[in-house]
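Here the protein sequences line up with chains A, B and C, keeping their order.
Under full-length UniProt numbering, the letters of the first sequence match residues 1 to 95, in that order.
Under full-length UniProt numbering, the letters of the second sequence match residues 1 to 472, in that order.
Under full-length UniProt numbering, the letters of the third sequence match residues 1 to 371, in that order.
Hints are computed from structural coordinates only; laboratory data are not their basis.
Quantities reported herein were computed from a predicted structural model and do not represent experimental measurements.
It cannot be assumed that every hint is accurate.
Stated by the list, open to error - Label-pair ranges, simulated between beta-carbon atoms:
#1 R7(B) - A121(C): 55 to 65 Å
#2 E13(A) - G434(B): 40 to 50 Å
#3 R24(A) - R7(B): 36 to 46 Å
Claimed, not checked - Here are some of the chain A residues that sit facing chain B, going by a computed Cβ distance under 10 Å:
#4 M1
#5 V14
#6 W17
#7 R53
#8 L56
#9 V61
#10 E84
#11 G85
Note that the Cβ used here is the ideal one computed from N, Cα and C, for glycine as well.
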Amino acid sequence: MFKRLDKAVPVGEVTIWLENQPRRVPATLSAAAAVLWLDGSAGYRDHAAGGRRAPLCMMGVCHECLITVDGAPNRQGCLVPVAEGMRLERQRRSP
Amino acid sequence: MSDANLRHAEVAIIGAGPAGMAAASRLAEAGQRPVVFDLAPSPGGQIYRQLSAPQVGEEVMGRDYLRGRALLERFENARLDYRPGSRAWWAQREGQGTTLGVLAGGRSELWQAKRLIVAGGAMERGWPFPGWQLPGVMQAGAGQILLKQGGLVPDAPPVLVGTGPLLYLLAWQYLRAGCPPRLILDAAPRSRYAELLRRPRATWHAGHYLLKGLGMLSALRRAGVTVKHGLEAIEAEGGERLEAVRYRLGGRWQRVGASLLLTHFGVVPEPQLCRGLGLAHDWHDGQQAFVPRRDAGSLAAEPGVWLAGDGAGIGGALNAEREGHLAALAILAAEDEVVAHEAAPIHRARRRDMRARALLEALFRVPEGWLAAQPETTLVCRCEGVSLGEINAAMAQGAAGPGQLKAFTRCGMGPCQGRLCGESVTRLLAGHLGTTPEAVGTYQVRPPLQSITLGELAVSSVPPEISRSLRS
Amino acid sequence: MPRDFLIIGGGVVGMAVAYGLARRGRRVTVLDEHDGSLRASRGNAGLVWVQGKGLGMPRYAELSLQSSEAWPAFAEELTARTGVELEYERRGGVDLCFDAAEAEARQEEYCALYATTPALAAMRWAYLDREALREHLPGLGEAVHGGTFSPWDGQCNPLYLLRALYAACHSLGVDYRPASPVDGVEATASGFTAHTPKGDVAAPRVILAAGLGARRLAPPLGLCGEVHPLRGQILVTERLPQSGRLPSPQIRQTASGGYLIGDVLENAGFDTGVTLETLHQLGRRAVAVYPDLAKARLVRSWGALRVMTPDGSPVYEASRTCPGAYNLSCHSGITLAAFHAEELAEAIDSDCLASLYGDFSGARFDVQATG
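So that you can see chain A by itself, here it is in the shape it has in the complex (with noise of 0.2 Å):
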């Protein structure tokens, strides 16, 4: 869904675990960039109402990019910085 500009400045990166997966992200993404990144939107979190959500405003506000960081559920994922060895999980109902 998003890919980086091939000349986008040099970043350093961090393996963060997304659902138990090593994955290697930018540095500077947020969480809910490095997902929208690695796998696109299709799947980013089940609504407890039903259907499917994903980030709307990536600042803050929406609150639709809520995922578990580190064990810790609905956090809004567009404010917590990636950081090496954090654990991700998408927040699906089932898979």
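Given the structure of chain A, go ahead and fit chains B and C onto it with the hints provided.
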């Protein structure tokens, strides 16, 4: 509450965008040491996000982004107490000061700020249409944030829809990045441009903006990007994600396949902090939004509280920087520093800018009657899944205000706390009751102003007794 | 428009009585205040609760029990009429105790109360220690000493109750007028006239269900205006998976999954705000009761004012000096809604409030004052 837990700030600033950075820098240069709380991990706000370590250069972003560097450097070199990753979840006026509950690193700290500058910025307007909840529909600002944060661009040509300068700026940046949008659907009718002729003086003042916009538009057209004006309606289609965009132009529906739809219907002040502080608000017809009330000269909303930047009414990055500067000067003046000569040229620049702003507001005004014309299944409140039809039914049953409507439908009760649906509810009630947005008002905003967990509440500063005392 | 009754107040008390009267074929106009006015109906925790009610007035305990018994049919009819689900359930509830002294005092109070009248002997309750409670409240924390369980207690969504009452009243032709604050009610030769900024509204009989507005509106009609605000504060969390935990006044999980955390009584005048100290205390207590809630996010908080009479029991009274004027003041409008919509509406309609519910007259406070 014991004073041991209380921290004191002569000046606290919320937000490290252009307004917050300018205010903090100027105060620091005068020997003060303001405390700056900001949600983001690095300074810049939305407009200068990631500017301390830019991911993409001027050739993609354009000059305006890089222009923020001088301000950023000033801020980074200033002697101040900058606290990134801080959530001001509680704010209450007490006497001449303000009490702030600030969450950082899983603990809430209690601050007493003698003076407070609110520079929390703006958000994109929540603007419902069928399917806007589908993965693959994002706000244009989100697209730009991804670009700034990590040099991320769509891997397939997106569709852009809405009205406002950001729409074209993002399209142009995507073009420069080598991934032009497939289609731009502008909700402003072409006839809007007659405003330019009707208001020559404003057009003169807005010349810089208009030329920039025209330049972008012609670059997009030259590159073969289709731009259509006068969008009447739009629908996002798909099952688990966006598959296609349907749109109506000149009464005729058309359809285009897309995996990413970026929408932009203008920006509005982010309301939580100013509402949470109980500040008075007025409906601003030009901006089509509630804006907090403040003194035009000093930017003070109440004694000890100043409002600067787009959170106090949309004026753009340069204006925000000026307002931050002015708020700092107002504080310094109160301490008998001679700053009047410094404020005068800034005020003049702001006045010039405001004439241009009024024209931009007219050009990019959101379409009238949009919401009421949507199908009844359209979600108004995304968090709680409340549809337009449910809101219409509750209004018919007697819900005569935002509070009652929220109670009857759960609209606005979800985690975004009504940020995205508040304006819609105001508009719908105004239509139903045949009155003005001003008369309808909006939701009452109560803490938490930002997310906090019960655990974080529990471990933070409170007196020890926990149980029976609450019933006494 | 000809009408039989004018009801002042569009909260859950006024609307329940309006619904009851409309069901009996009466023509009713309800005058309500503004959206931002004091509204206990929108601020309460939604308990349909019996245990502990009426500690100072056994008749009130009896009414609570009676209303709790009537609630299932009341809810069913309202939902059938309106399609609004009230999220009502009566699986029992627990009032928590945090130490031995509280537990002992609670049991003494209940033993005394439920031995007062024959009707109250029907009340079932038991004190359960922490271990026994865990069957009803899985995941209960060590800070809880125990609690009183009663199968009569239950919960509903008070906002949907209010909405259903509005919808039912609407369908029964009740004339509901929002944003019509009443400046005063005047007795006239043919009944009563309410003065509002939008004009006068007249009816042969008038019912005050004005909450704290009774302080101002009731005395001129020879009715009791002795009500004062008692603030509560409530926190609500984001939606969480259903736990099956029974409700308690301190904390309950709603049908949509959020937890309501409250049970605060404080004198704060007419201030409906929340306080930082209480938010921290409630957060700490919630985590003490259910440690797994530590990760739950707070979504909202609010303060609301209970409508308290001097003895905490309801006031139901007919004016002696102005026949046809009635006053209803109580802080238990959810639990008592079924009673209000049925027996109380009937008693008002047939003008036998004084004879049937004389104990509840505001005159009881005069007696206390002089005696």
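Note to self: Output the indices of the hints that this structure fails to meet, ascending.
What the structure shows: Failing hints, ascending: 2, 5, 6, 10, 11.
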